[in-house]
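Starting from the structure of chain A, add chain B where the hints point.
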Amino acid sequence: KNEVEQSPQNLTAQEGEFITINCSYSVGISALHWLQQHPGGGIVSLFMLSSGKKKHGRLIATINIQEKHSSLHITASHPRDSAVYICAFGGSQGNLIFGKGTKLSVKP
Amino acid sequence: GAGVSQSPSNKVTEKGKDVELRCDPISGHTALYWYRQSLGQGLEFLIYFQGNSAPDKSGLPSDRFSAERTGGSVSTLTIQRTQQEDSAVYLCASSPHQGNGYTFGSGTRLTVV
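The listed protein sequences derive, respectively, from chains A and B.
Using this note's numbering, the letters of the first sequence map in sequence onto residues 191 to 298.
Using this note's numbering, the letters of the second sequence map in sequence onto residues 1454 to 1566.
Bound-form chain A, shown alone:
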């Protein structure tokens, strides 16, 4: 079993829809990361959170440490949000252990 499970694997939405991507993990962690990988391959770190909720523009990330679950929400989605969204947590040496990603496609 993967240590990090994401759902859904693929998601297609219409512009303007509210989007939720889920991440569950099986080990105790100190922080969880959400990353965005653009179609060209570049990766951007969106959030690092260890409790509660963080918001940046139209993106909101929440985490429940007790339930070992995190969600990434996108409000008022736009085609430029189309990307692969990856959750990850820090391994014992500081390296990231990644989920397989959720491929989001937002249609105009």
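These are computed hints drawn from the structure, not numbers from a lab.
Here a beta-carbon is modelled for each residue, glycine too, at the ideal position from N, C-alpha and C.
Each hint should be verified, as a subset may be incorrect.
Derived DSBU-like pairs (lysine-lysine); straight-line CA-CA distance at most 35 angstroms [said to hold, decoys possible]:
{"#": "1", "chain 1": "B", "residue 1": "1470", "chain 2": "A", "residue 2": "245"}
{"#": "2", "chain 1": "A", "residue 1": "244", "chain 2": "B", "residue 2": "1470"}
{"#": "3", "chain 1": "A", "residue 1": "297", "chain 2": "A", "residue 2": "245"}
{"#": "4", "chain 1": "B", "residue 1": "1468", "chain 2": "A", "residue 2": "290"}
{"#": "5", "chain 1": "A", "residue 1": "293", "chain 2": "A", "residue 2": "244"}
{"#": "6", "chain 1": "A", "residue 1": "258", "chain 2": "B", "residue 2": "1510"}
{"#": "7", "chain 1": "B", "residue 1": "1464", "chain 2": "A", "residue 2": "293"}
{"#": "8", "chain 1": "A", "residue 1": "290", "chain 2": "B", "residue 2": "1510"}
{"#": "9", "chain 1": "B", "residue 1": "1468", "chain 2": "A", "residue 2": "243"}
{"#": "10", "chain 1": "A", "residue 1": "243", "chain 2": "A", "residue 2": "293"}
{"#": "11", "chain 1": "A", "residue 1": "243", "chain 2": "A", "residue 2": "297"}
{"#": "12", "chain 1": "A", "residue 1": "290", "chain 2": "A", "residue 2": "245"}
{"#": "13", "chain 1": "B", "residue 1": "1464", "chain 2": "A", "residue 2": "244"}
{"#": "14", "chain 1": "B", "residue 1": "1510", "chain 2": "B", "residue 2": "1464"}
{"#": "15", "chain 1": "A", "residue 1": "290", "chain 2": "A", "residue 2": "258"}
{"#": "16", "chain 1": "A", "residue 1": "297", "chain 2": "B", "residue 2": "1464"}
{"#": "17", "chain 1": "A", "residue 1": "258", "chain 2": "B", "residue 2": "1464"}
{"#": "18", "chain 1": "A", "residue 1": "293", "chain 2": "B", "residue 2": "1468"}
To give an idea of the chain A side of the interface with chain B (calculated C-beta under 8 angstroms), a few residues [unchecked claim]:
{"#": "19", "residue": "255"}
{"#": "20", "residue": "258"}
{"#": "21", "residue": "266"}
{"#": "22", "residue": "285"}
{"#": "23", "residue": "288"}
Some chain A residues flagged as far from chain B (calculated, every beta-carbon gap over 12 angstroms) [what the hints assert, rightly or not]:
{"#": "24", "residue": "204"}
{"#": "25", "residue": "207"}
{"#": "26", "residue": "212"}
{"#": "27", "residue": "223"}
{"#": "28", "residue": "245"}
{"#": "29", "residue": "252"}
{"#": "30", "residue": "256"}
{"#": "31", "residue": "263"}
{"#": "32", "residue": "271"}
Just chain B, lined up with the frame of chain A:
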């Protein structure tokens, strides 16, 4: 520079040849990581450098892979006797401290033919 710089951005090599991939991290970042992403697969950890400590090589898939980091800055990932299964995007990331504030490079796309 302002970001993590990787070179080359694309590399096509013949099976059996050696390749070197370079990563120039953000100045002052003590931690440097190499990951790879094979086609259609998730990201896979390869190796991690933290300051002057011995690197964590636990993710290297075979002894054909090696990496070094000179002077705590630039890192080179070397793949000897490349195989077709080595074809992937190799990503480098750096952070100011262990496990915090990652910045990724744009990657090197390696194709072994």
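- Hints violated by the structure (numbers, ascending): Of the numbered hints given earlier, those the structure breaks are 1, 2, 9, 13, 17, 19, 20, 21, 27, listed in rising order.
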